[in-house]
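Trainee: As you go down the protein sequences, you meet chains A and B in turn.
Following my numbering, the numbering of the first sequence begins with 1 at its first residue and continues without gaps.
Following my numbering, the numbering of the second sequence begins with 1001 at its first residue and continues without gaps.
The set of hints was computed from the structure by calculation and includes no laboratory data.
Small disclaimer: the values here were computed from a predicted structure and weren't measured.
Just so it is clear, CB atoms sit at the ideal spot from N, CA and C, and this is done for glycine as well.
Incorrect hints may appear among the rest.
27 Å max Cα-Cα, derived BS3-like pairs, lysine-lysine [unchecked claim]: (1) Lys1492(B) / Lys1583(B); (2) Lys613(A) / Lys1431(B); (3) Lys313(A) / Lys72(A); (4) Lys490(A) / Lys1492(B); (5) Lys771(A) / Lys1419(B); (6) Lys72(A) / Lys153(A); (7) Lys771(A) / Lys1275(B).
Just the calculated beta-carbon pair ranges, DEER-fashion [what the hints assert, rightly or not]: (8) Gln139(A) / Phe1669(B): 42 to 48 Å; (9) Ser1287(B) / Gln230(A): 50 to 56 Å; (10) Met1676(B) / Thr773(A): 36 to 42 Å.
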Amino acid sequence: MTTSRKWSIGALCALIVLAGGYFGLRGSDSDFAAPAAAATANPVKAPGPLSLAPEGGSSSPNSAEELAALQKMQKKAENADLALYINEETAEVAVQQKNNGYVWFSNPVGKDNDPLASPLYKSELASQVTISYYNDKGQLSTYNSFDDSVKKKQFTIGQAADGVKVQYVIGKAADQTGGIPKAIGKKRMEEKILSKISDEAAKKSLLYKFKFDEQKQVYTAREMQDYVAQEVLKTLEQAGYTKEDAAQDNKENGIGGEAESAEAARFTIPVVYSLQNDQVVVSVPAGEIQSPKSYPLASISVLKYFGAAGTEKQGYMLVPDGSGALIRLNNGKLGAEPYNLPIYGEDGTYVVKEKAQENEVSRLPVFGMKANDHAFVGIVENGDALASIAADVSGRYVSYNSIGSEFQITAMDYYTLTSGTRSSSVPVFQKKLYGGDLRIRYAFTDGASADYVGMAALYRNYLVQKYDLKPLPAENRSPFVLEVAGAFRKQNSFLGVPYRSTESLTTFDQAKGLLEMLQKQDVGRIALRYVGWFNGGIRHASPSDISPAGALGGTSGLKKLAEYTKNNGIEFFPDAAFLEAYKGSGSAAEFLNRSRAKVYEYDPVMRTQDTSKFSHYIVSTSKLSGIVNGFLRDYKKLGLTGLSLRDLGGEVNSDYAPSHPVDRQTALETIEGALDNIAGAADKVMVQTGNAYSLARAGWIVHAPTHSSSMNLTDEDVPFYQIALHGYFQLAGEPFNMDDDQNPKRSMLKALETGSNIYYQWFYSEPSIVKDTDFNGLYALYYRDWFDDAVKMYQEADPVLREIGNQPIVGHRKLGEGVYLTVFANGTTVAVNYNPKAVTVKGVTIEPESYSLQVNRDAAKGGE
Amino acid sequence: MTVLAWKKTIAALFAAVLLSAGLVPAARAEQAPGYVYSYWGEPNPAPAAYLPERTLYGGDLAAGKLSSPQDLHVGGDRKIYIADTGNSRILVLNDQLRTQQVLDGFDNNGKPDSFNQPEGVFAAQNGDIYVADTQNRRIVALTADGQFLKAFGVPQSSLIRPGFQYEPTKVVADKAGQIYVISRGSYEGIMQFDSDGEFEGFLGTNRVKFNPADLLWKRISTKAQRDQMAQFIPIEFNNLAIESNGFLFTTTSEENASEPIKRLNVSGVDILRSKGYFPPKGDIKVSLQSSQPGSSIFVDVTPDEAGIYSGLDSKRGRIFAYDKDGNLLYVFGGLGSEQGMFRTPVSIAMLDDRTLILDKDLSRLTVFRPTSYGSAIRDAVRYLDQGKVDQSTASWQQVLKMNGNFEVAYIGIGKSLLKKGDNKAAMSYFKLGNNREYYSEAFKRYRQQIVYDDFGYIALGVFLFIALIFAASKLAKRRTAGAFYQDVGVIKNPFYTTVHPFNGFWEMKFEKKGRVRLAVAIVLLLALFSIVKRQFSGFVVNYNNLAQFNSLNEFKFVLLPFLLWVVANWSITTLMEGEGKFKEIVTATGYALMPMVLIALPQTLYSNIITADESSFYYLLDTIGYIWFVWLLFVGTMTVHQYTPGKTIVTMLLTLVVIGIMLFLGLLFFSMVQQMVSFVVSLYREIGFRW
């Protein structure tokens, strides 16, 4: 703080102007070039010591090659901001931004000259859609729209509202192979065909396509690629061999009509491109997809190479892994696996016997690319629960860095039938598929805002418009988020007779005591999350019917605590889980193998399912509304106003039960309904690990992701989640005492960097109570160990946090190893240093594991 | 048979999982980042002790990318040496991880020379660099600035078996200039060279392990056959490291090795301590049903400060750190596609408190920094090593604050409480730490204190108790005194039998004083008392995990043998002209259990006031109970069946044989039923599935 006061006025000016520029444009979302212009137009001499000067890079317009490619395209739609073009030969699409003329292509223009790509990958580069499908053995094959549709001219381009609709028929053309005999006797082969071909080479190559059976003296046709079949047909036609001949041969050799009845792997995939103001919406109406019954469509990847950046570009790709991470373009990490993580994590209703590692869950359906000074952000607007984000750098198969989304259409698992020593696995496919739109929205930005902060701003604006979000009101104090663990069911044994008893970790009375102690220490505002307060505690029985735990003080104790919180201005969030059933399988979903969706914990050593440690049943979302209604009926009687949701904002699972199947996207929609229902009954809602769809219904997010999984391919973590959401939501990361580091100081720095709140998770009882129980995961929760620390952290962070609580983040930058700078909309600038030694950045020294603060001029004046 | 099928299923499922899911994130974010083994061998959740700080691929080392690097060493001057095997060079980095030197060639007495895939590198105290130049089959010594010092190739000695292919992979040198080399295929041990490169001999050969069946076959084979068989040869060392005091740490890559890590003194004797709950061999609770099944396989080990050492498990990519007594301190790492994880970790080194891991396939160096938790553990161990008990205790308290599951910390605090004389608190800490040795010590002092403080009351209590018993017996005698002579009644008969077996069993059989009901009651009582004993006997002798304790097992262990015995005995004696009826056999066997019933409760009470030293009397009581029981059973069987002593012994032994047969048949029947059930279940499932 003291160092910060010594900062030059010039630095202040620069910061305010920069910040103001960012902030100012939140109102109008069309013109993103403005802040850069404002910043450069301002007569600031030297940038401040810790300023947000852009990383460099001059403006880079399209190459001549790209402009030439645009010339070959037809304009199909246009509005004030964008123009949409399509190449009617190749179905490639381009979008031109009108403000600066920059063109984005669905496929990289230089793809034919890619020195690295094999022919197959060249075709992939030229495709807008790639699909994969299963055969009857559950094996996957892929098709791409260039080889299997465009090249065969099996696509049509039609009009759509504000855009264009491309209908691809991907796969085998209508059966033309009828002219080729499946089997033909040696004699007839020689008479009817070979004798009529004069060219020896042609004869030989024709014979290669058939397999000769010595015993039967019969030639049978081998599997042929489409183009091979075409060639063979041509040869046969020249030899005067007709379809009728082929039919006769087939019949003679015992091959009946079945050949005709076999379905071809042919898929109809419609893709609609449309312009909406300054954004492009790409959608695949899943209901219009046609796929053959015997070839279930596994997945669709849409615009995999949209805006792909070649090796000459600089910048990064943004992936939503955890809090967000950057993959630098051309980072050369070819030893690392390509990035591919599902949004909202893996579908829980899929049996995973062994879990190699636990990745952070992607909470936001967003991805982005910054190439030189242009950037786009893709938002998976619909079908997000089916989507994964896939990204890869140049150098592996192609010379382009690319990022896009992929949708899982049909889930498949193996069902193992065992009899004695023999067992066989049969593939089982998901029966009911999602029928709505799969929709991705692309938005663009450039210049100074072409970075992850600019991307976050685009996403924030999108959320604000979609859900009509309002910024948080200004408050005097920042909240201290306190989570207490209530009761738990302990496995006991008396004289060797095992029994379970509900034991208290923190009674309602003790919780009140904790609150009083905190208030005595001038912790001005507290949000209390109370986990495990009914039906047996943390792993509670079904919440459809609640009775507060007697061990904690029962209903009267709870009411007293609620009363106390109300009188003292404490926000009270009792917690409940709805999607995980810890007791009773009545509401359980089913796996693809028709067994109840019972989830076990994973053995930390072998990483396999530990069938002796039951975790929970996955609740079918078809039962969700009943459970929520039952809960709310009892909840209203208790006079509570807040509610914390343990899993409604954190997981989405399908249900494969044949009687009531729910696909994952429909499950998401059901959860949204339940959230609406809850938001109607409770004044304030808190969610744990807020997935994007839960945000609009919740004001508070705890366990917000604070880092990424650090996948091998990624280069750097960014707090994209917080940058996008701060100012509109009360955020808190991991509890300070249970964070990976267990270093409250570092957690506090993270909180300052991301504008998150102080967050602790405590219980009141002696810590050894959970040792050697199923709850030994709560190994660092004893309040007395952390209390003083917590108060200190709050007193240190609160003066900053209360200033910025409702201010969106307008700038964020890494200044050096472990040193980050964040600028909030009111100009408050926080620089944090996570290193164990002091660092000096541009003349400003930041103490080890400390921060440096610069408040804006107005606030500074008001303060002194 | 079913096991085989199950395995196949698992394998198929794994394949499916690996293919379709790849890397799967958790539904719940609550899984702890680390684990630590409890006394019971359970991997209890623990916080992360180390977190990745940086990863370096070589590109950022300003010397081009690494290529299959295989060894890592941190010198006394804090310089980091990397054997960049694929690039045939040695990289020297400073402690800021910036490249200082690239050694890819040197001037060998006027001729330019270079390395050929060196797999090992070491820097001596004086800065000399030793390189195991593997494919050139030699050791090269360079000065700190890369000038050629000496090179020595294939050693010549009569100790070396003919046909041995010298391929040095790892090298270290001690202060005196002695050089220790590990060569591929050198199962005789570590090759020791003097400072001039003269071969001196082998050090620390691993013991040969073989299984008895193989040995038997070998014994009965002809010489020709023997030569065809695989020879029993010791496992070769795969890595070594040297401590500043000259002791060598070595690792061997062997499945289920009992001592995969060794600490050899100069004469090659393993002096590694193993005072922890489990020997220092990595993961304890392993299973075979996983994609990385079985025990940990160590590929490298590094000494650390204060006697701590860390081993690198290549199978699951984990680092295990132990203190000098062999207590497991923390575990971190793993295989995976994240930056704190590995694909093929090959080498570990410490840079102060940071851990460096070299990954061969990812060609990557990962730097881990200790978290608050990791630092606290290290502090505690270090302070203890320096004799600063108070600081050490404070650090252990810090550790417990962050991980209430860590038993070593409880023991650490307990020790200091013991030292301070707070025996009662020490007892509770030792109990939480599951350390019976120290608990017993604390209890001894506590007991002493109580006896000292309250000697008067205790003496008075004992006196009163004796007086009471005396009075009671007097009173009882006075009551019965007036009565006529009564022979021993039905109720008293078991007690009478216990001390007068011949008379008692006689009366039981011929005077109809035995009661089946009483015998059954005794058996049930025994079951109950053994449960009581199991649950309530003192901590010092109680090795049961009470949380997992299930009384059904107790009944199984008492009732089942009883039933088996009476049935088996009845069947065998019917054939052997025994006179005993089934009823009598039941009664006699039940009555014979009486001493064990009598002893159980006093024994349990006694166990609560003893220390470990006195526990021998506790176990003696057990033995007395068993012998007494066997004696009664013998007399009972003899009397009931009217056998001679010799015949009785034969009968009893035959009964045991019959029990064995019954068990065998029972198991056979059980497994048949199980197969039938599984057949019906799978049939039902398949019908349900196909419908």
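Trainee: Now tell me if each hint is right for this structure.
Mentor: Against the structure, the hints come out as follows:
For the given pair, Lys1492(B) sits about 19 Å from Lys1583(B) by alpha-carbon distance, which is consistent with the 27 Å threshold. Distance check on the hinted pair: Lys613(A) and Lys1431(B) sit about 25 Å apart at the alpha-carbon level, within 27 Å; holds. Pair hint Lys313(A) plus Lys72(A) holds up; C-alpha atoms about 24 Å apart against a cutoff of 27 Å. A threshold of 27 Å between alpha carbons decides the hint, and for Lys490(A) with Lys1492(B) the separation of about 44 Å lies outside it, so the pair is violated.
Between Lys771(A) and Lys1419(B), the direct Cα distance comes to roughly 25 Å. Compliance with the 27 Å bound is thereby established for this hinted pair. A C-alpha spacing of about 18 Å is found between Lys72(A) and Lys153(A), which places the hinted pair at or below 27 Å, so the restraint holds. Under the criterion of a C-alpha separation no larger than 27 Å, the hint pairing Lys771(A) with Lys1275(B) is consistent with the structure, at around 23 Å. Between Gln139(A) and Phe1669(B), the C-beta spacing of about 44 Å keeps the proposed range 42 to 48 Å intact.
Look at Ser1287(B) against Gln230(A): about 55 Å separates their beta carbons, and that is inside 50 to 56 Å. Remark: the range hint 36 to 42 Å for Met1676(B) to Thr773(A) is upheld by a beta-carbon distance near 39 Å.
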